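Residue numbers (the numbering used here), protein chains in the order written: chain Y, 1 to 114; chain F, 115 to 356.
Certain hints may be false.
Think about it this way: if two alpha-carbon atoms lie no more than 30 Å apart in a straight line, the pair counts; the simulated DSS-like pairs of lysine-lysine are [what the hints assert, rightly or not]:
| hint | chain 1 | residue 1 | chain 2 | residue 2 |
| --- | --- | --- | --- | --- |
| 1 | Y | K110 | F | K301 |
| 2 | Y | K20 | F | K208 |
| 3 | F | K240 | Y | K110 |
| 4 | F | K301 | Y | K20 |
| 5 | F | K208 | F | K301 |
No lab work stands behind these hints, which were simulated from the structure alone. Model, not experiment: these values are computed from the prediction.
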Amino acid sequence: MIAGLVQILLFQGLGELVAKFFLPLIPGPVIGLVLLVAWLRWRGGVPESLDGVATAFAQNLGLLFIPAAVGVVMFWPQLRSHALAIAVALVASVVATMAVTALVLRALSKDDPG
Amino acid sequence: MTPQIPAIHEIWVYLSGSPLLALILTLSAYQLGVMAYERSGRNPLANPVLIAIVLVAATITAIDMPYAKYFEGAQFVHFLLGTATVALAVPITKGLVALRGRVFPMLAALLAGGATSIVVGVGLAKLLGANAAIVGGFWAKSVTAPIAMGIAERSLLSPTLTAAFAVSTGILGAILVRVTMDGLGMKSWWQRGFALGVAAHGIGTSRAFSVHPEAGTYASLGMGLHGVLGAVLISIAVRYVA
Numbered sequence: 001m002i003a004g005l006v007q008i009l010l011f012q013g014l015g016e017l018v019a020k021f022f023l024p025l026i027p028g029p030v031i032g033l034v035l036l037v038a039w040l041r042w043r044g045g046v047p048e049s050l051d052g053v054a055t056a057f058a059q060n061l062g063l064l065f066i067p068a069a070v071g072v073v074m075f076w077p078q079l080r081s082h083a084l085a086i087a088v089a090l091v092a093s094v095v096a097t098m099a100v101t102a103l104v105l106r107a108l109s110k111d112d113p114g
Numbered sequence: 115m116t117p118q119i120p121a122i123h124e125i126w127v128y129l130s131g132s133p134l135l136a137l138i139l140t141l142s143a144y145q146l147g148v149m150a151y152e153r154s155g156r157n158p159l160a161n162p163v164l165i166a167i168v169l170v171a172a173t174i175t176a177i178d179m180p181y182a183k184y185f186e187g188a189q190f191v192h193f194l195l196g197t198a199t200v201a202l203a204v205p206i207t208k209g210l211v212a213l214r215g216r217v218f219p220m221l222a223a224l225l226a227g228g229a230t231s232i233v234v235g236v237g238l239a240k241l242l243g244a245n246a247a248i249v250g251g252f253w254a255k256s257v258t259a260p261i262a263m264g265i266a267e268r269s270l271l272s273p274t275l276t277a278a279f280a281v282s283t284g285i286l287g288a289i290l291v292r293v294t295m296d297g298l299g300m301k302s303w304w305q306r307g308f309a310l311g312v313a314a315h316g317i318g319t320s321r322a323f324s325v326h327p328e329a330g331t332y333a334s335l336g337m338g339l340h341g342v343l344g345a346v347l348i349s350i351a352v353r354y355v356a
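Excised from the complex, chain F in its bound form:
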């Protein structure tokens, strides 16, 4: 008796019923994104997360897999967001050393910048006629994505749109930082870095590190402080203003 070789559609049915397919899809798309990013010389436009989102979205559309079904498998990756958020405590603790003597200017700049992000983002989106779901995605988009999605969930805004706008904001910030800072005549690296971290979180921070180590340290501090303060203040603001 020869062993029965299962037909290809049976393999497919089996695989698509387990979380494995969604996990393979997510991780391999991210891996391709990282490879493309490295090959492009770390160009912010070739952002690995953006590439992965486009690849996964295109694939599940092509194979007719409902998003809910994909998420059912990919939720194991999604679950780690909370754990990764807690792990941000380590870079923040290390960055706190850089605060010395600059606490007041940094906190004031962070509050002004965070408020600007909301007023301009939410305000313009509303003014230009975007619907409520889309406007809601702008509230936390300058906060690092894992925390931004947590804020969105608590505030009954869409975590998906928040994540998509956060990634876009990071990429745009990394691209536009040079022309903005040069236009304002900003000379000191720590100030440029901090501003980029506040406005463009993780993607801005990795950009800052690639330009100047001092800018990177302060960008990471700006991102961390915006994450923690944003989680408190944006949640309150959404509740009482929106």
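Chain Y with its partners taken away, still in its complex shape:
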């Protein structure tokens, strides 16, 4: 498990360095992610210990954004006074996004048996 964690941290560090010096617009961890995907493809498989750590993170991803999301308490008055706008924008945009994605996919893969 530790070997997998070390690998992830190394790629995170690499991603942060690339972001800092070459691609300041893109979050470092995303660059680390892309580099790790490239490395795993080149290597031709996912090492067991890396797989274990990744699964543990994936299963509890939600836990990690609680500290930041709790900050909504500071936005409470703003959120309440714009509640209707937020609700309408959230519902309409998720339905529209699903619909457009699905329709484009269907239109472009007509001869795909699926």
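Place chain F on chain Y using the hints.
Chain F only, in chain Y's frame:
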């Protein structure tokens, strides 16, 4: 001599000065959320993250703990977001196998869907009079929360509002997917799954897996591709459009 038993307020002062209190609060709220989610038969409305956010927010308000103070302790959990983002490389690598022969339709659908999410979300929020901070939270809300918050930080938008809207979007997508897809007459599972993953990231993906394994695989691919492409394209769009 009997050992002095400290008064309860001294224990309190000690605990609230260390990161321990915020960590216990965060993890136990999440644990309660997970238990409620399991007990509800994995109903998307009983989302464990939503429950945990409400519990922690209510608790720190009740005990009069400033948010900055809570975050000081909880930052150890927050720090792992970047590490968890890198770890997404593993499911994405495995999912890439499912791309075979479908690269073009999927990329086109993803770009169309991602653009729709922004145009409708940001556009409607602005149109209905929401303030700049709130409108900013809509840019990355269809991207998986850890990456969405990274995009928000780089683009000087609020990571907090982005995370809150991302969680809400995931829950809404999981609830509304059936009626939307049935309404459009979408029959193939991989297309339904991919659309849900693009629109409603991780929460949509776990919903897709619970309905059909093929939908789940494609949802996870949709979420992963949206995360990576979104990190590049949304950051650029915010800089030049917003």
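Open item on the list: Under the constraints set out in the numbered hints, which ones does this structure not fulfil?
Closed with: 3 and 4
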